[in-house]
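Since chain A is already given, all that's left is putting chain B on it; use the hints.
Here is what each chain is made of, one letter per residue.
Number of protein chains: 2
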Amino acid sequence: MAQYKLHCFCQSGNSFKVALYLNCAGLDWEPVFTDFMHGATRDPKWREAVNAMGEAPVPEVDGKKLTQSGVILTYLADKTGKFKPATEDERLEALRWILFDNHKFTGTFATYRFMKAFLPNAPDPNVLAFLKGRFDSTLGIVERHLGRSSFVAGDKPTIADFSLAGYMFYPPEESGYDWAKSTPNLHAWIERMRALPGWKDPYDLMPGERIKPLR
Amino acid sequence: MAQYKLHCFCQSGNSFKVALYLNCAGLDWEPVFTDFMHGATRDPKWREAVNAMGEAPVPEVDGKKLTQSGVILTYLADKTGKFKPATEDERLEALRWILFDNHKFTGTFATYRFMKAFLPNAPDPNVLAFLKGRFDSTLGIVERHLGRSSFVAGDKPTIADFSLAGYMFYPPEESGYDWAKSTPNLHAWIERMRALPGWKDPYDLMPGERIKPLR
Chain A
29 MAQYKLHCFC QSGNSFKVAL YLNCAGLDWE PVFTDFMHGA TRDPKWREAV NAMGEAPVPE
89 VDGKKLTQSG VILTYLADKT GKFKPATEDE RLEALRWILF DNHKFTGTFA TYRFMKAFLP
149 NAPDPNVLAF LKGRFDSTLG IVERHLGRSS FVAGDKPTIA DFSLAGYMFY PPEESGYDWA
209 KSTPNLHAWI ERMRALPGWK DPYDLMPGER IKPLR
Chain B
29 MAQYKLHCFC QSGNSFKVAL YLNCAGLDWE PVFTDFMHGA TRDPKWREAV NAMGEAPVPE
89 VDGKKLTQSG VILTYLADKT GKFKPATEDE RLEALRWILF DNHKFTGTFA TYRFMKAFLP
149 NAPDPNVLAF LKGRFDSTLG IVERHLGRSS FVAGDKPTIA DFSLAGYMFY PPEESGYDWA
209 KSTPNLHAWI ERMRALPGWK DPYDLMPGER IKPLR
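Respectively, the protein sequence lines represent chains A and B.
So that you can map any letter, position 188 of the first sequence is 216 in the numbering used here, and since no number is skipped, the others follow by simple counting.
So that you can map any letter, position 2 of the second sequence is 30 in the numbering used here, and since no number is skipped, the others follow by simple counting.
No wet-lab data here; the hints were simulated from the structure.
Worth double-checking, as some hints may not be accurate.
Repeated chains share a single entry, so a pair holds when one copy, or any two copies, can fit it.
What the hints assert, rightly or not - Heads up, simulated DSS-like pairs for lysine-lysine below, C-alpha to C-alpha not over 30 Å straight-line:
#1 K107 / K184
#2 K112 / K92
#3 K240 / K92
#4 K160 / K73
#5 K209 / K73
#6 K184 / K73
#7 K228 / K73
Just chain A, with the same shape it has in the complex (with noise of 0.2 Å):
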């Protein structure tokens, strides 16, 4: 049995950014499948014994489930070594990226790219729109820190860096947004990232079918 069991499934981004961390870290892991896009999360007793907040990835890690993507990475780097701030500095920094991430970037990202391609009916246009120009504005930060550093929170990648990449490899055809295209910057950290030994694609990575973005 592996050291690390990950809930999680292949379209969550929030669940890649800590089996991304997992693999990269080189740690004895495996996923259990969440069967999120069939409502398995909004069940009362799927959050009754495993996430009251009803969100994945959850991992069990020393006997006890971890939630919160941002919390579970804070710890294995605390645990591990791997990916760890080097100083006190460096981990307000990578938590400040950390926190910036589940409000404005990975937050509002992620709510777009499910509605966008995964959500069953059609969502409203004036819903997608306010998301994305939220969204907008908050890659312009990301793309104007990203010139300016190599990595998230300096010039090695530490836990910040997979908080915010979490959904950054899934492919334009999902989002619409092709970061080549878009965002140089961005772009050119990401293929860092994936030259990292360990790197994989988020659905090779994770268990569950892959679904064509409805539209």
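For chain B alone, kept in the frame of chain A given last:
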């Protein structure tokens, strides 16, 4: 000169998270007015000098500027010991709720209230309904949690409480939410927070002109 300066404005619940913490922790601080409502944080010069993320609050602490309320609260609790989670498990639990708050609780409510009460042009009703639906789902998770626990991360207030409570003390006419009517567990928790020595109303604790909700 006060030990801590906080760049903030009275409408900002994210600022209030830190202002209320500083006041309840009995720390020596003073506010510096950031004129967000007239665009100060969108000015490139402000972003260069104060915060590239374009957000308040920003405290000046020990000669450096910190941003992201969750980082500021973590830093101040580690430094002063006030409202610091007591154990490693409690620290992770507090961080879990702080991330959840940034992503979904404050993350949704702050935008909803701002658009509803303060956006100069009337917001799109479909966008408002979308945000309200997402917030109501998150609110249900918090309401259930506070039925099992006196404070967010246990039986004593920690930095996680200051994070989630940031927007809860603004008047019902701004958001349309009256916690006493909608969510009794959350209301009882807010009253426990209001009873902390040092508590003040956001409009009394932070600078700026009070604005009547536009709609």
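Verification of the supplied hints:
Proximity of K107 and K184 under a CA criterion of 30 Å is satisfied in both settings, with 19 Å inside one chain copy and 27 Å between copies. Both within a single protomer and between protomers do K112 and K92 lie at most 30 Å apart by alpha-carbon distance, with minima of 21 Å and 22 Å respectively. Proximity of K240 to K92 under the C-alpha cut-off of 30 Å is found in neither arrangement, the shortest distances being 35 Å within a copy and 48 Å between copies. When the C-alpha separation of K160 and K73 is checked against a cutoff of 30 Å, the pair qualifies only between copies, where the shortest distance is 25 Å, while the shortest distance within a copy is 34 Å.
When the C-alpha separation of K209 and K73 is checked against a cutoff of 30 Å, the pair qualifies only between copies, where the shortest distance is 28 Å, while the shortest distance within a copy is 44 Å. In the homo-oligomer, the alpha carbons of K184 and K73 lie at most 30 Å apart only across protomers (29 Å), although the nearest pairing inside one protomer, at 41 Å, exceeds that limit. In this assembly of identical chains, K228 and K73 lie within 30 Å of each other by CA distance neither inside one copy nor across copies; the values are 32 Å within and 40 Å between.
Violated hints, listed in ascending order, are 3, 7; each of the other numbered hints is respected by the structure.
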